[in-house]
Amino acid sequence: MKRIIAIILLLATMTAAASCSSGGNVDFNSIKENMVSSAVSLPEMKTISDESERAETLFSSLSKLDYEKVEDFFFTYSADGSPYELAAIRLKRADDLPECEKSLSEHIKSRVSLYKNYAPENVEKAEKAQVISGENVAALIMCDNPEDVKKAFYSAVKTSEK
Amino acid sequence: MKKSGKIFGAAVAAVFAVVLCVTLALNFITLAKVSTIEVNTQKPLNNTENGVVIADRYEVISTSQISDAYISGDSSALDERDKNAMKTASDILDKIIKDDMTEYEKELAVYNWIFENIRHDEDILVAVQDPDADTFTAQGVLAGRRAVCVGYAVTFRLFMNMLGIDCMVVHDDSLVHTWNLVKIDGGWYHTDLFFDAPTMKYNHFNLSDTLRKSDYDWDTELYPAAENYEYCYAVLNAAECKDVYELPSKIRTALDKKKPFVSYRFKNADSTTKAIAERIVDTIQELTTDSSEFGSNYIEYNNIRYGKDLIFAISITIPVDESDVTISDEKILDKIQAKVDEAFGDLEPSGEDNENGGIRQMVK
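Top to bottom, those sequences are chains A and B.
Under the numbering used here, residue 162 is the last one in the first sequence; the count climbs by one each step, no gaps.
Under the numbering used here, residue 364 is the last one in the second sequence; the count climbs by one each step, no gaps.
Hint data in this document are derived by calculation from the structure and do not stem from the laboratory.
None of these values were measured; they are calculated from a predicted model.
Note that the Cβ used here is the ideal one computed from N, Cα and C, for glycine as well.
Hints may be right or wrong, so weigh each one.
Stated by the list, open to error - Taking beta-carbon pairs under 8 Å as the criterion, some of the chain A residues facing chain B (in silico):
#	residue
1	ILE48
2	LEU58
3	TYR67
4	GLU71
5	ALA79
6	SER110
7	ASN117
8	TYR154
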């Protein structure tokens, strides 16, 4: 009987833990490679990531999320300021996904606002940017073929799950 | 057996109770977090001149400590960075300002110096900025000679305040742009150096609220009203135009000479003159928009009602609160077309609307 109770308690604890802690072993490099390689017509791009010098400072250009919550991230953006951006943020805890997604949406709003003022021809494309997520990773897609990049992202997340 | 069955049942119930509590607690925490996010992402109050953050990046920072020190002659309270900025600005003023200058002349001298010497920060649209680049404070701009809109505005304000001229940094309601309000001879005017530099000299120099409102909205409770036109550059420098039909050749000359800004005064002009002038520029704009010679959107215009006169400023876009008049008189339409053809006959029409009928095609 004690064994049964212990097993049930263990299962309950595991279930509770799984619902709030980080989600799976996502291969972050695959996500980055899949997203970037599936985007077409990218201009000259620059990239920052958690491995960059002053990563925390640079990260604030992408998201206002507390950097303590970030496991790793990459942000590829056009060198000339045109509306081409790809980014993914892997979180330490999947619980923080809603906040992270919201911060990426705020980033898009901010970009749209900037374009409205200084480069109106870029507004339409920036407004079509998307924020998606899978497992404990949130991603931002602003490019000419967002659907392809989306598929590539989900594919990488699924592959990582196996 | 019965006893062990009861214990088992109690244990299962206890476990479910624990799981339920944990789940409820987690949900509560998540909800609390979401609601916290909602609160934290609200935009900060922006009912202040300094302290606001533009484009999520550039804070408008006070420069009064520098101008106050310059005026009082006591810079002992300034740090090294401020002292350097004051020395640089002071040296510039020594070169460009003369004692007998009027407030307007001083303003113009500072405007011209900034226009000639401060470059746009070309990276303003790039998603990630160099953390070390300071293009938004007066100290950084005077040292690096590169500026975003905030940098232009605070630097212009610093110069004006050092000269004892009231000047404020205005931000728009969307917090994406800043410019200046400057008090010249008792009246306030809008000046936007960021948008004028590097090619649109004087387009946004001393505008009224009405003129500025076509581009931006701002907190009119926070900033003084700018209702004067006396020192508006377009009004001060308007060339007299006796016949509205002279406009096509005048505009052509201006375009050929690559003049960034021209304005014309029509004395005692009525609404029909205004409508004809607008029609003329619209027609020319149709022709020049996609022309390889003039590039896209080269011409914009604006009207300023100044007493009985009409000031027609070319290359700025500002609406006028007057009733619309549609030109449908055949003779007038023919004359517009003839005069435009005379001045622009060497250019091919660019739009489908103009392919078979020119100006008449535009009247529907």
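Each hint, compared with the structure:
no., hint, result
1, ILE48, "6 Å, holds"
2, LEU58, "6 Å, holds"
3, TYR67, "14 Å, violated"
4, GLU71, "18 Å, violated"
5, ALA79, "7 Å, holds"
6, SER110, "5 Å, holds"
7, ASN117, "4 Å, holds"
8, TYR154, "24 Å, violated"
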